[in-house]
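Undergrad: Model the full assembly from the supplied sequences, consistent with the hints where possible.
Residue numbers (the numbering used here), protein chains in the order written: chain A, 1 to 93; chain B, 1001 to 1093; chain C, 2001 to 2154; chain D, 3001 to 3154.
Calculated directly from the structure, the hints in this document are not laboratory data. Note that the structure is predicted; figures quoted are calculated from it, not measured. Certain hints may be false.
Just so you have them, the derived chain B footprint on chain C, three or more residues with Cβ under 8 Å [said to hold, decoys possible]:
1. 2054-2063
2. 2108-2121
3. 2136-2149
Straight-line alpha carbon distances no greater than 30 Å define the calculated DSSO-like cross-link-like pairs of lysine-lysine that follow [what the hints assert, rightly or not]:
4. D:LYS3147 with C:LYS2147
5. C:LYS2073 with C:LYS2018
6. C:LYS2147 with D:LYS3073
7. C:LYS2069 with C:LYS2018
8. B:LYS1059 with B:LYS1022
9. B:LYS1059 with C:LYS2147
10. C:LYS2147 with C:LYS2125
11. C:LYS2147 with D:LYS3069
12. D:LYS3018 with D:LYS3073
13. B:LYS1059 with B:LYS1073
14. B:LYS1022 with B:LYS1073
15. C:LYS2069 with B:LYS1073
16. C:LYS2125 with D:LYS3073
17. D:LYS3147 with A:LYS59
18. C:LYS2018 with D:LYS3125
19. D:LYS3018 with C:LYS2125
20. A:LYS22 with D:LYS3125
21. C:LYS2069 with C:LYS2147
22. B:LYS1073 with C:LYS2147
23. A:LYS73 with D:LYS3069
24. C:LYS2018 with D:LYS3147
25. C:LYS2125 with B:LYS1022
26. C:LYS2125 with B:LYS1059
27. A:LYS73 with A:LYS22
28. D:LYS3125 with A:LYS59
29. D:LYS3125 with C:LYS2073
30. D:LYS3018 with A:LYS73
31. D:LYS3147 with C:LYS2073
32. A:LYS73 with D:LYS3147
33. A:LYS22 with A:LYS59
34. B:LYS1073 with C:LYS2125
35. D:LYS3147 with C:LYS2069
Glycine included, C-beta positions come from ideal geometry on N, C-alpha and C.
Below, each chain spelled out in residue letters.
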Amino acid sequence: MQATPTEARTVTLRYFAWVREKAGLSEERVTLPADIVTAADLVAWMQTRGGTFEAAFAKPDAIRLAFDHVYVKRDAHIGAAREIAFFPPVTGG
Amino acid sequence: MQATPTEARTVTLRYFAWVREKAGLSEERVTLPADIVTAADLVAWMQTRGGTFEAAFAKPDAIRLAFDHVYVKRDAHIGAAREIAFFPPVTGG
Amino acid sequence: MSVRIQEADFDISAEIAKLTAGDTGIGAVATFVGKVRGLADGVALSSMTLEHYPGMTETELGQIESEAKDRFKLSGSLIVHRVGTLRPGENIVMVMTCAPHRGDAIGACEFLMDYLKTRAPFWKKQADARGEGQWVDARDTDGDAAKRWQTNKL
Amino acid sequence: MSVRIQEADFDISAEIAKLTAGDTGIGAVATFVGKVRGLADGVALSSMTLEHYPGMTETELGQIESEAKDRFKLSGSLIVHRVGTLRPGENIVMVMTCAPHRGDAIGACEFLMDYLKTRAPFWKKQADARGEGQWVDARDTDGDAAKRWQTNKL
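TA: This is the structure in structure tokens:
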């Protein structure tokens, strides 16, 4: 398992429900700093982005993540994921 | 609880499914002998009636009884029941 | 709560619409439909004939519905059971329950079917391709399904 | 096994007819319909808006259906989930399962709903009479319902 990737990656970030509303956007293309390896690293980085992301990520424990449509825990490695989504616990059905 | 009724009663007997087919009739009015008190007495009496009832009541344990639309066990007293039904275990649904 | 015995088929969508009309407290509708299968113990069926005990059927089904109402928080329920001769693929029975929440609707639907199978006075006679008739035997698994609810009593 | 996400309403009778057409091995069809309730925690709703994650929704629901197929002996299943803005009394979701026997059909229908509630990426926002919007919180009871199946694993 690689500890840190050697180069920055550009990914699509998607936001749903109140994360989307607070962030004020539904998706964006972002180049991630090279030292972001796990889902937890990414959430911590989002909190530092300021602006609308401050409110959107004020309660990070309430946010779930998916890499390429698959739920991930905070220790999951981003690896080659192309699309990363942030959203609250689901309430369908 | 009365041990034996003091007079004979006339009741409607109804037959369903294979009990009806074997008996060759679906219902009849019958005056029960005065010494028939329980469901068990009645089944034993049906077995003595001969004719088509011999085949219909050849396997008495496979027959269920209802007094006035209510399932009864073999020790139930006929009492004032007006309609007594004989049928196999149900298979609806 | 209502019960119907009829020869005609039923329309699930129409029944749901009627059962739920005007009641926005209903969040869940569970429906079960039982159908005639084409094979019984490996033998191809041409038809299935359903007989019942008029009067007692309504009494028993009404009691079963009333028990369901005691056990589950229901907004309404409907049982429709067909009688007469049916072909493979045709509907036999429909049980519909509606409730504020899904646990009650699904639980009551299952409860009603389990009890209907073991208590409602219906009998099935199946006919094979040559028209040879045979009364269907009661299944132990149906008795077991109904017994579950006895240990589960509220 | 199929999954549809749509704004339009669905017709249960038509869906049952399609799902069971030509398969006389089916003896049981279980259907669950979830509807918008008029009250949420005592507050009257004017509408409910459903958002989802296109792509992931289909992936998750497809996986849930595949798990149901492993656990239950199913002849077919269908999940239809609506998105967009719905009024009280309108249908939100439909889960339909068909099987040779009723235990499998009802069990799978319940399993699919429990997992759909906890895993499928849909979010509800309710609006009160003044149009004030509020995102619906996930319910612990839904998580508990889904957890049942983990200890029940075959």
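Undergrad: Are the hints correct? Go through all of them and say.
TA: Hint check:
1. Counting residues of the segment 2054-2063 of chain C whose CB lies closer than 8 Å to any CB of chain B gives 4, which reaches the minimum of 3, so the coverage claim holds.
2. Note: the segment 2108-2121 of chain C has 7 residues with beta-carbon separation from chain B under 8 Å; the three-residue rule is met and the coverage holds.
3. Closer than 8 Å: that is the beta-carbon criterion, and the segment 2136-2149 of chain C has 5 residues meeting it against chain B, so the requirement of 3 holds.
4. For the hint pairing LYS3147 (chain D) with LYS2147 (chain C), the CA-to-CA distance comes to about 25 Å; that is within 30 Å, so the pair holds.
5. Distance restraint check for LYS2073 (chain C) and LYS2018 (chain C): the Cα-Cα separation of roughly 19 Å lies within the 30 Å cut-off, and the hinted pair is therefore satisfied.
6. A C-alpha spacing of about 22 Å is found between LYS2147 (chain C) and LYS3073 (chain D), which places the hinted pair at or below 30 Å, so the restraint holds.
7. Pair hint LYS2069 (chain C) plus LYS2018 (chain C) holds up; C-alpha atoms about 19 Å apart against a cutoff of 30 Å.
8. Between LYS1059 (chain B) and LYS1022 (chain B), the direct Cα distance comes to roughly 12 Å. Compliance with the 30 Å bound is thereby established for this hinted pair.
9. For the suggested pair LYS1059 (chain B) and LYS2147 (chain C), the alpha carbons sit about 25 Å apart, so the restraint of at most 30 Å is met.
10. Note on LYS2147 (chain C) and LYS2125 (chain C): the hinted pairing holds, with a Cα-Cα distance of about 25 Å set against a maximum of 30 Å.
11. Under the criterion of a C-alpha separation no larger than 30 Å, the hint pairing LYS2147 (chain C) with LYS3069 (chain D) is consistent with the structure, at around 27 Å.
12. For the suggested pair LYS3018 (chain D) and LYS3073 (chain D), the alpha carbons sit about 19 Å apart, so the restraint of at most 30 Å is met.
13. For a cut-off of 30 Å, the pair hint linking LYS1059 (chain B) to LYS1073 (chain B) stands: about 16 Å separates their Cα positions.
14. For the hint linking LYS1022 (chain B) to LYS1073 (chain B), the alpha-carbon distance of about 22 Å falls within 30 Å, and the restraint holds.
15. Between LYS2069 (chain C) and LYS1073 (chain B) the CA atoms are separated by roughly 26 Å; this keeps the pair inside 30 Å, and the hint holds.
16. A hinted pair counts as satisfied when its Cα atoms are at most 30 Å apart, and LYS2125 (chain C) with LYS3073 (chain D) qualifies at roughly 26 Å.
17. Note on LYS3147 (chain D) and LYS59 (chain A): the hinted pairing holds, with a Cα-Cα distance of about 25 Å set against a maximum of 30 Å.
18. Under the criterion of a C-alpha separation no larger than 30 Å, the hint pairing LYS2018 (chain C) with LYS3125 (chain D) is consistent with the structure, at around 28 Å.
19. Restraint check: the Cα-Cα separation between LYS3018 (chain D) and LYS2125 (chain C) comes to about 28 Å, which is no more than 30 Å; the hinted pair holds.
20. Of the supplied pair hints, the one linking LYS22 (chain A) and LYS3125 (chain D) holds, its CA atoms being roughly 14 Å apart against a limit of 30 Å.
21. Distance check on the hinted pair: LYS2069 (chain C) and LYS2147 (chain C) sit about 18 Å apart at the alpha-carbon level, within 30 Å; holds.
22. This hinted pair checks out: LYS1073 (chain B) and LYS2147 (chain C) have alpha carbons roughly 18 Å apart, not beyond 30 Å.
23. Only pairs whose Cα atoms come within 30 Å are accepted, and LYS73 (chain A) paired with LYS3069 (chain D) is accepted, the gap being roughly 26 Å.
24. Taking the CA atoms of LYS2018 (chain C) and LYS3147 (chain D), the gap is about 34 Å. The hint is violated against a cut of 30 Å.
25. The hinted pair formed by LYS2125 (chain C) and LYS1022 (chain B) meets the criterion: a straight-line CA distance of about 14 Å does not exceed 30 Å.
26. At most 30 Å may separate the alpha-carbon atoms for a hinted pair to count; LYS2125 (chain C) and LYS1059 (chain B) meet this at roughly 19 Å.
27. Restraint check for LYS73 (chain A) and LYS22 (chain A): satisfied, since their Cα atoms lie roughly 22 Å apart, inside the 30 Å limit.
28. Only pairs whose Cα atoms come within 30 Å are accepted, and LYS3125 (chain D) paired with LYS59 (chain A) is accepted, the gap being roughly 19 Å.
29. The straight-line distance between the Cα atoms of LYS3125 (chain D) and LYS2073 (chain C) is roughly 26 Å, inside the 30 Å bound, and the hint therefore holds.
30. Using a Cα cut-off of 30 Å, the hinted pair LYS3018 (chain D) and LYS73 (chain A) is violated, with the two alpha carbons roughly 39 Å apart.
31. Restraint check for LYS3147 (chain D) and LYS2073 (chain C): the C-alpha separation of about 22 Å stays at or below 30 Å, so the hint holds.
32. At roughly 18 Å between alpha-carbon atoms, LYS73 (chain A) and LYS3147 (chain D) fall within 30 Å of each other, so this suggested pair holds.
33. With a C-alpha separation of about 12 Å, the suggested pairing of LYS22 (chain A) with LYS59 (chain A) holds against the 30 Å cut-off.
34. In summary, the hint linking LYS1073 (chain B) to LYS2125 (chain C) is supported, as the alpha carbons are separated by about 25 Å, within the 30 Å threshold.
35. For the given pair, LYS3147 (chain D) sits about 27 Å from LYS2069 (chain C) by alpha-carbon distance, which is consistent with the 30 Å threshold.
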